[in-house]
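Position chain B relative to chain A; hints supplied.
Chains as they are written, first to last, in my numbering: chain A, 1 to 507; chain B, 508 to 972.
No incorrect hints appear here.
Computed footprint of chain B on chain A; a stretch qualifies when at least three of its residues, placed anywhere within it, have a C-beta under 8 Å from a C-beta of chain B:
1) 99-112
2) 426-437
3) 459-469
Just so you know, the hints here were simulated from the structure itself, not pulled from any lab data.
Computed from a predicted structure; not experimentally measured.
Heads up, the beta-carbon is just placed ideally off N, CA and C, and yes, glycines get one too.
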Amino acid sequence: MLQSPLRYLSSSYGNYTAATTHRGALCLISDLIDYFFVAHPLSGRREGEEHKRVMYFYTQPGTPPDKTRQTEVTGFAEAIVNFMNDFSDKENQNFEGDFPYRDVMTDKTAQVYVQVEHGEFLLGISFDKQASKNFEYTIFMPTLRSVLIEAYKMFKLFFGPMEDFRRADETLFQQRLDYFFGRYFSQLRLFNMPLLNHFIGVDFQPLNGTPFLTIETLLAEVKEDFPAVSKMLFLYQDKLLYYSVSKADLPSLYRYLTENLLPMSLRAELEPNTRVPGGKWLTGPTDLQNDLPITLDCSPPTVFLTAADESYEEHKLLVYRSLNATICLFVNTEVTRLMMRNMDGFLGAELPKLASMIGESISTENSELRVSDFHYIYYNPSSLSLRTSFHQSPLVGGITSKNTPQLPAVPQSVHNIVCETYDRLLEASEDFGECIVKESRDWWIVIKKVNERILVLLLPPTFNIPSLQEAHSRIENHVFISLPKLKTAVYFSVMLTEYGKPLPLPS
Amino acid sequence: MSSGIATLLSIPASTSAPGEASHSDLQALKDQANMSMPQIELPEEEPIEESALDRLSHYPYQVFVLSEYGRPIYVSCGQEDQLCAFFALIGVFVNRVRHNGDMLNSISSKDLHAHFLFRKPLILCIVSKRRDQLRSQLEVLFNQILSTISRKQLETIYEKRGDNYDLRRLLGGTNKYMDGSLSSWHYDLAQISSAIRVLPMEAADRNALSTTLVNSITSANVEGMLFAVVLAHRQIVCLSRLKKHLLDHKDLSLIINLVSNTSTIADAAIWTPICLPFFNDSGFLHAYISSLWENSPAHLVLLSVDRNTLKDLHLIKEDFCAKIQSSPKILNSFEAAVTSPQSFSPSNIGTGSEMLWHFLYRNISSRQICLSASRPPFIGQEERVLLTRSASRVYDILRSVDGIRQIFVRNKKEVLYVKAEDRYELQCVLSPFCSPTMASILGDRLLKALKTYEGRYFITHVPSF
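Isolated chain A (complex conformation):
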């Protein structure tokens, strides 16, 4: 279980370069944070051994480790967690559902602590306000929380629950934390529009009936022929088309695939003379011609997927790619070279055909969702569909960058207004709501919430809206005409991905 998936975490994001992302769209988190820690409070209960609760402590690269400070920071966090507990109803202090959190604001920092695994572990992160200002990053506490929780979920995806791991081997646990989070935080990038990191979602590819049916058929055949495959996921470019993993695991898996694994392989594909006919494996051993047992160093990564009873099941992640189509197979038995060879034979023949079919079908679809004169974010928490004009995809950078230069850059004050009005004016407990805000430099911000679905529109001053009346009619007449699918999605509760076919629910 302990071989490292980390070699798949590339040391840098090859495609997230200044060339494909327009200036200020993304920030390196390592430029913004002061520290991140994982603490196990129970381990530091004994006097004189308080430092033992520190399982991992990330600081700015180049800062020497300071044990006293680590103990202090984690002790302070623990005290703050307990302090607030004294004021809360004892009945409400349970760990079901959400992750209990504490937001701490000081003049210089914004900190978040999150309790995971029934309070066994305390995770904390601290953003430096001055650095955030320098990088024009807007501090929005719910986003900071999401970032912290996502970091935990990503670790759990590869290593399973922390407590099980710590009990099994604390030293190795600490080494893995160090290796994983060291890389994770040195390369994680955050959107300057904080809501995009707050809404935990995936980008679905809308698709017509026939290609979608073909995908379903292909995946059914794979399952039939290779019973070891228990779950699957299908991507085209960096957009999701099909998944049968639990929705709880989907965002982390999707991020790992689109932000780490695929960009790495894409770089390899861009090298001349490396194109192979058919398709190729992105994980596992490269040499499939022999039948030697697969050793740890070339084994496909292990992932811990949520099972129906909310426990965890180990799976091997096999990723196969052909043209722009990527298929992920989660195998819950041992992976052999023979198995991979057989799968290669099957997928290599079918996947390229399917990929071209999808390619043709969506070239007409995509143009419809491209807008050039305003920004939008659409999020559906029940399907996890997240769609935005801000998105800077490394895989289809060429397509999106055509639009982005025409979109005016959003000032930081507008980011702040969007976040605060979303957080404070729309009732979180309500499924419906509407909010229109005018900013002093004539930006108009519109947030609509219909049956939980959220649509955020940012209309720049070039829209030239003189009054609230005008804003209202322009949204109805212009914006929704440019984005008919968003209107349908928002008003008629139809999922963006549904084009005649409902999205398959996780099995």
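Relative to the frame of chain A, chain B by itself:
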């Protein structure tokens, strides 16, 4: 020096020297503690500490004031001695962060929000189930403390008396004013909008009243007399001031808090030192506060720099009252305004006004607000609480987020329409069926109507003497 609200014209026994009384109580407690055996004491104390702790979660909010050395000064639920550990913890949090060259501002969890304010040598902390305007509440509470102990006194007291000095000795008896300052955030829209309310009155009647007031003051010619205010129902009826001196709205709200939380004014005038921190935070003024007639909700407040002017101020009041009584026109209009105030009715703005449920207009330069008269659905206490909460949230957002000019929000129960311009802020609560177009039409009509009736709802001129 006695700086508490102590020196009264007729002195009720209970407040004669509250600082000292509590001091002697403490001393008695200490003596008891010294006498009893620690083994016996521990099991007795623990359950008490538990119960005070248990109760913490039942309050909607809790406010702590302590010295920077962690010594308890005030807690809004009372019994600060039972919560020593808590005070100490708050002190440790704030000092730890300060130690790192930083300042702790707030801690939040899902349904609880704590805010911290460090104003050397005091630490103020509020823990509340609501998140809006917590910092403002602490700032106003600190001003309230400054009105009893001037900043100069506060800065030197611990140097003179040592870190362990119990500030409650100086604050003795003022807890009700601190309680009053905190509770006003839950009903008083003037407090929430950091402004003052003006009692609606025809401009001519108000002018006649303030001219009469100025006449009484000028004819008495009292050295050191600075300000005169007529108040009713926490609203300003009229004001006058010594030339070249201005009364800040924050100081005025301290005076309002003082008047509305002193129950003895109904029976007799009071004479008390008060520090108005925005006028001068290092010294005290002397306030003479009296009802204008028996059982009247209207009060006259006269402020002087000279502590020996009590008799003179009393004469001004007598003269002012006599002048009002002798003019039936002034008396009648004044009585009518005080006994049945005519708030702005939304029906003044014509068709569609039934959609406008409530509004709050705030003039930015004068810091005066105008509220609509109560109407359904904001009649009952709970309904009014909802209204103050939404106003509080809007103000919190307007103050903490830069650059908002207009807001239109539709929730299940209501539409909220806010317009923030350089000269004014307007927030309206409307029917949930109101469209953005209708909201902005009603808003514009309302602004026009307010301009027409400006003299009735705002004080546009403060006469000086």
